[in-house]
Amino acid sequence: MKKILNAPVDYVDETLEGLMAVHPEYYRLYGETNRVVARAKETAKGKVGIVTGGGSGHLPVFTGYVGEGLLDACAVGDVFASPSSEQMADALRVADRGAGVLRLYGNYGGDVMNFDMAGELVEFEDIRCTSVLLADDVASASIDEREKRRGVAGMVYAFKTAGAAAEAGQDLDAVTAVAQKTADACRSIGVALGPCTVPQAGTPTFEIADDEMEIGMGIHGEPGMRRGKLLPADDIANEMMDRLLEDQPLSSGDKVSVLVNSLGATPAEELYILYRTVKARLEAAGATIVMPLVGRYACSMEMAGVSFTICKLDDELESLLKAPCDCAFWRVG
Amino acid sequence: MKKILNAPVDYVDETLEGLMAVHPEYYRLYGETNRVVARAKETAKGKVGIVTGGGSGHLPVFTGYVGEGLLDACAVGDVFASPSSEQMADALRVADRGAGVLRLYGNYGGDVMNFDMAGELVEFEDIRCTSVLLADDVASASIDEREKRRGVAGMVYAFKTAGAAAEAGQDLDAVTAVAQKTADACRSIGVALGPCTVPQAGTPTFEIADDEMEIGMGIHGEPGMRRGKLLPADDIANEMMDRLLEDQPLSSGDKVSVLVNSLGATPAEELYILYRTVKARLEAAGATIVMPLVGRYACSMEMAGVSFTICKLDDELESLLKAPCDCAFWRVG
Amino acid sequence: MSIDQKVLLAAVVRLKEAADRDFEKLNAADGALGDGDLGITLRRGMELVSETTDDMPEDLGKALLQCAQAFTKSSGSSYGTLMATGLMAMAKSLKGETAVDASQVSTLVAMARDAMQARGKAEIGGKTVLDSLDAVASATAGKQDAIEVADAASSAVDDALNNFRQTQATIGRARMFGEKTIGMDDPGMLAMQTIIKALANRT
Amino acid sequence: MSIDQKVLLAAVVRLKEAADRDFEKLNAADGALGDGDLGITLRRGMELVSETTDDMPEDLGKALLQCAQAFTKSSGSSYGTLMATGLMAMAKSLKGETAVDASQVSTLVAMARDAMQARGKAEIGGKTVLDSLDAVASATAGKQDAIEVADAASSAVDDALNNFRQTQATIGRARMFGEKTIGMDDPGMLAMQTIIKALANRT
Ligand SMILES: Nc1ncnc2c1ncn2[C@@H]1O[C@H](COP(=O)(O)OP(=O)(O)O)[C@@H](O)[C@H]1O
Ligand SMILES: Nc1ncnc2c1ncn2[C@@H]1O[C@H](COP(=O)(O)OP(=O)(O)O)[C@@H](O)[C@H]1O
Ligand SMILES: [Mg+2]
Ligand SMILES: [Mg+2]
Ligand SMILES: [Mg+2]
Ligand SMILES: [Mg+2]
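Protein chains in written order, with my numbering: chain A, 297 to 629; chain B, 297 to 629; chain C, 66 to 268; chain D, 66 to 268.
Next up, chain A with everything else stripped away, as it sits in the complex:
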C-alpha cells in the first residue's frame, strides 16, 4: 500500500486532527465521536442549516466544503463508508439554528438509510429536516432510473447554490428547492486510469492494465461502462462529453458551468489539456460557459483519472453560483 499513514484505523481521525490544526479559522470538531465537522463560528439564529455526510477519502468533499456560503456541518464516515446515523444526527443538531436543516448528500445506500434514521432521531427534538440527494453520475444507471444514480462531483454545485441561498436568508423550503434544482441540473461522468487504496482494506480498489482506462467508473471503483485502451486526451474528453450531452442535450443560448475534476493523482496540466475539448464541445452545442472549475474538487485519494460535471444554469442558479463563499478549499468572491 503506497500511502502515507500510521495505523489504518486512525486514518480518518488523524486527517481530521490535522485539518483542525491547520484551519481553526474554518472548522471545529463536534459530537461524541468527534466525527462531525462544523463551522468554526456559530451561524446566526434563524439561518437554515445545510448538512452533508459520507465516507472519507474524498477531500475537499465532503468536510472541506463546510464554510460560509456553503455547508454548516458534515458527518464524517470511515474511508468510503457511511457515517453512523448517530453522527449524522449530531451534524443535524449542530447545524440547526431554529430554521430547519437540509440534508444534502450523495445517493449511496448506506448514507440514505442513515440520514433517514438520523432525521427520525432529531424529529423528536423538533428539528425539521428536508433531503436532497445528488444522483449525477450518468454512468451508474440509465436516465429512466435516475433515482438509482450515484452522487459524485455534482454535489459541489449543490453545496454552492444551496449554501448561497441559505446564507441569503431563504427559508428551508426555498433552500431545498434550490438544491433540488441544482441536483436535477447536474450530470457527471468519470474516467479512471488507476486505483486508490482504502487504508483498512490495504489493497487497491481495482486492477487495471498499464495501457487501459475505464470510462464511467465510480469514485469508489464501482465498475463503469466501458474499459478499453487508454485513448488520447481529446478522444477521452469527446467520449465523456458524448455521454453527458446525450443525457442532457444543450442548445443555443443555454448557460452551463462545467467542472473538470481530478480524482487525485491526475495533475492539473492534464485537466487543462482536457478542458480545451470540453470547452469546444460546449460551445459547439451553443452553450455559454460560466465560471468553469478546473482542479481537485472531489477526489478519491490517490486515484488517477478525472470527472466532468455539467451544471445547467438558469439566472437564479448562476447568481447563487457566483455569490461569495469561503472554506479552506474554495473561495468565490
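Note that these hints are calculated values from the structure, not bench results.
Backbone N, C-alpha and C fix where the C-beta goes; we use that ideal spot for every residue, glycine too.
Among the hints, a few may not be true.
[Said to hold, decoys possible] Listed below are the simulated SDA-like cross-link pairs for lysine to any residue, each with C-alpha atoms no more than 25 Å apart in a straight line:
hint : chain 1 : residue 1 : chain 2 : residue 2
1    : B       : 298       : A       : 618
2    : C       : 245       : A       : 493
3    : B       : 298       : A       : 526
4    : B       : 608       : B       : 547
5    : B       : 525       : A       : 523
6    : B       : 444       : D       : 183
7    : D       : 208       : D       : 67
8    : A       : 618       : B       : 525
9    : B       : 298       : A       : 527
10   : C       : 138       : A       : 422
11   : A       : 444       : C       : 249
12   : B       : 298       : A       : 444
13   : D       : 157       : B       : 417
[Said to hold, decoys possible] Selected chain A positions facing chain C (Cβ under 7 Å, derived; list incomplete):
hint : residue
14   : 497
15   : 498
16   : 500
[To be verified] To give an idea of the interface, some chain D residues facing chain B are shown, with a C-beta separation under 10 Å as derived from the structure:
hint : residue
17   : 116
18   : 134
19   : 236
Please build the complex by placing chains B, C and D with the ligands on the supplied structure of chain A, with the hints as guidance.
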C-alpha cells in the same frame, strides 16, 4: 505511460491553451513562441517586475503564480526543461515597467545559464535585472555548498514576499533584498513514493519498490539521501523534520511558516496526517507557526510523495506573507 | 422452551464466535460485489454487543434496543444500519416482556423484515438480506416447538441462498455488477446465514 | 585547406547525420545521469541549423551566429545553451571573415571553451564538455595542416573520455549521482565526441 495527453510534444502548449481558456481574468500568453505567461492586466508603470521561469510539470509552479501580489511573468519550458534564453528575455521584457526586473527562480544549471543570457540580451534594451535563486533543498548539497542546492517548493514563499514588496511599490533593490532574505530563510526536503512520467520520455523518472520510499529525492527524480522501507507517517515526518531542523535550528520565540506540499498524487488526507507531527516538532522547538500551507503548491505531475518547507520569518517577511495576493491557484486576504 | 435474557446472552456468545469465524468469508464475498466490509461490520457489531452483556436488561425490548444501538454506533454500513433497524422493530414489540415463546419467532422476523424494507426501500425478491428473512419468517410460521423453529429457520437461510444464487442483484453496490452477480451469493444473505445458524445453534 | 562557407555547409550535413545516428546513445547516456534529453537537444539543434543552410551567410561570423541562434531557440537545455555560447564566442572573433585557416582551430576552440566556462561556471577538470574542448584545443595547438588538425582533434575527444571516465562528476544533474559516476562517461563529453568526429570527418 498512464497519463492523459495527446501528442507528447504538445503537452505544454495544450496545457497553456487550457489554462488561458479557463482563467483569462488572470493570465495571457506573450512572446513569439507563446511560452511566456503574463498577468492578464498590465501593471502600473514604475512597478518592479518579477519574473520566474523553469520547466513545466510543476503546476501551480511556476506559471500559476503569475498574479497580483505575486509574479509578473513566467517563461515556460518543456516538461522539466529550462525555457530558452529568448523566452526568458521575452518574459523580462513584458514584466519591465521601467523599474527593472527581478529574476526569481530555482537553482538549476540550465535555468541559470539561460536567465544569465536573457539578462545580457535585455541589458541592450536598458532593462535592469537582478537575480535571486532559490536553493532550499537541503538534500541536494551540504550547507557549506549551499549555492549548489536545488530550488524546490521554497520558491512559493519567495514569490509571495517579493511579490508583496513589489506590489507595495518598493524599488528593485528592496524587492531583491526581500526575495534574497526569503530564499535564505527557506529549507525544504522531499520524500518520494512513486515516480511521474515526462511525456516526451515516456518512461517513469525512476523506479521504486512497492514498499519503499526515498527521503530527499528531487522533484525531477534526482537521487535522494536515503532509500528505505516505507515508514509510518509520523516517522516519515520526524525524519524530514530532523533534517530540516538540523540545517536551520529553531529556538524559542522563532516564527515560521511551514508548507506541507503534495508532489502530486499524495492526497490531502495524508498531508493533514503529516501536519500533526510537523506542528508538534515546530512547537517543541519553541517556534510559533504563522499561516501554515497544506496542499498542492509545487508538484511534479503525478509523482507520489510530499515535501516540507520551513520559512523562518521576521516581522517584515510575516507581514509580506500575509499581504493580499491573487492568482488562479492561491489567494490570500 | 421460551426465549429470555439467559437464552439471549448465550446466543450473543455464539453469534460473536460465528462473526469471528466468518470474518474473512464475509469480507471476501462483499469484496467481490461491494466494498469488502461486511465481515468487519458484523464482527465489530457483535463486539460492541458483547461489551454490553454485563448490563443486558431482562426486559427483552430494552435488551434488543441495546443490541440495536451497538450496531448503529459501530458503523454506518448498510448492513449495520439494517440490523439496527430490524432489532429496533422487534424491540418495540417486545417492550416490557421478559420472555417470548418460540412460536412468536416467525412474527418477529417478519417485523424485522418489514422495518428493514421500509428503511432500505428494496423489494422482496431483490436478492438481499430481506429475502433470507422472508424465507425464515415463512418457514417458521405456524411452528410452536423451539427445535422445529430452529430447524426450519436454519434450512430456510440455506434454501434462500440456493434459490437466489442464479438471480441478478438489484440493490446496493452489487447492483452495478449486473449479470456478473448471477451465480454469486449476496453477501448480506450469507451474513444472515451466519446469524440465523448461530441463533439456531445449527451448523 | 581553409574553412569557408562550403566547408561549413558540408560539415552541417555530416553533423546532422551524426546527431541522428547517436540520438538514442546520447539520450541513454544522459538518462543514466540526468534527464535523458541530450540526444534530443543535439538532434533538434542540428535540425534547426539545417533549416537555415539555404541562407547561410558567407561571413563566417554571421554564419556561426546563425547556428548559435538555432541552438538558443531549439531548447533551454544546458547543452544547447552551452553550444550557443561557444558558437557565439567564435562568431564574434570571425566577424567579417569568409575563410579561416586550419591553424586557427585551436584558438577558436579555446575561445569557445572559455566562453562556455564563463557561462556555466564549471571548472576545467570537472568532467564536462569543457574538458573535451580543452583537450581538443591543446591537441590542435601549433598544428597547421588541416588533416593533422582533424586527426589530433578526433583523437583528443576520445582521449578525454578515457581520461575522465574514472573521475567523479562535479557539475549539473550528474553531480547528484556522486561516486556512481565513476566509470561512466559524461554525456556532454560523448556529445562533443559526436560533434568533433563529424566535423573532422573521422569515425
Ligand atoms: N437497501 C437495501 N435493502 C435491503 N438490503 C440491503 C440494502 N442495501 C444493502 N443490503 C444488504 O446489505 C448487504 C451489503 O451490506 P454492506 O456490506 O454493509 O453494504 P455497504 O458496505 O455497501 O454499505 C447486501 O448484500 C444486501 O444483502
Ligand atoms: N555548468 C556547466 N558547465 C559545463 N558543462 C556543463 C554544465 N552543465 C552541464 N554541462 C554539460 O552538459 C551536459 C548535460 O547537458 P544537458 O543534458 O543539456 O543538461 P540538462 O538536461 O540537465 O539541462 C553534461 O554532461 C555536461 O557535459
Ligand atoms: Mg459492504
Ligand atoms: Mg460499506
Ligand atoms: Mg539532460
Ligand atoms: Mg534537460
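Hey, residue 208(D) versus residue 67(D), does the alpha-carbon distance stay inside 25 Å?
-> holds (13 Å)
Hint check: 7 Å Cβ-Cβ cutoff, residue 500(A) to chain C | violated (12 Å)
Within a Cα-Cα threshold of 25 Å, do residue 157(D) and residue 417(B) meet the stated pairing?
-> OK: residue 157(D) and residue 417(B) at ~15 Å, within 25 Å.
Under the criterion that the straight-line Cα-Cα distance not exceed 25 Å, is the pair residue 245(C), residue 493(A) satisfied?
-> Given that 25 Å is the threshold and the Cα spacing comes to 23 Å, the pair holds.
Minimum Cβ distance from residue 498(A) to chain C below 7 Å?
-> violated (10 Å)
Straight-line alpha-carbon gap residue 298(B) to residue 618(A), limit 25 Å | Given that 25 Å is the threshold and the Cα spacing comes to 35 Å, the pair is violated.
When you check the alpha-carbon spacing of residue 138(C) and residue 422(A), does it fall within 25 Å?
-> Distance ~22 Å between residue 138(C) and residue 422(A) Cα, so the pair holds.
Chain B contact restraint on residue 236(D) - CB to CB distance below 10 Å = Residue 236(D) check passes; min Cβ-Cβ to chain B is 7 Å, inside 10 Å.
Taking 25 Å as the top limit, are the C-alpha atoms of residue 444(A) and residue 249(C) close enough?
-> holds (22 Å)
Hinted pair residue 298(B) and residue 526(A), Cα distance within 25 Å | holds (8 Å)
Interface hint for residue 497(A), Cβ within 7 Å of any Cβ on chain C | Because about 6 Å separates residue 497(A) from the closest Cβ in chain C, which is inside the 7 Å limit, the hint holds.
Holds or violated: residue 618(A) with residue 525(B), Cα cutoff 25 Å?
-> Not OK: residue 618(A) and residue 525(B) at ~48 Å, beyond 25 Å, violated.
The earlier numbered hints that this structure contradicts are 1, 5, 8, 12, 15, 16 and 17.
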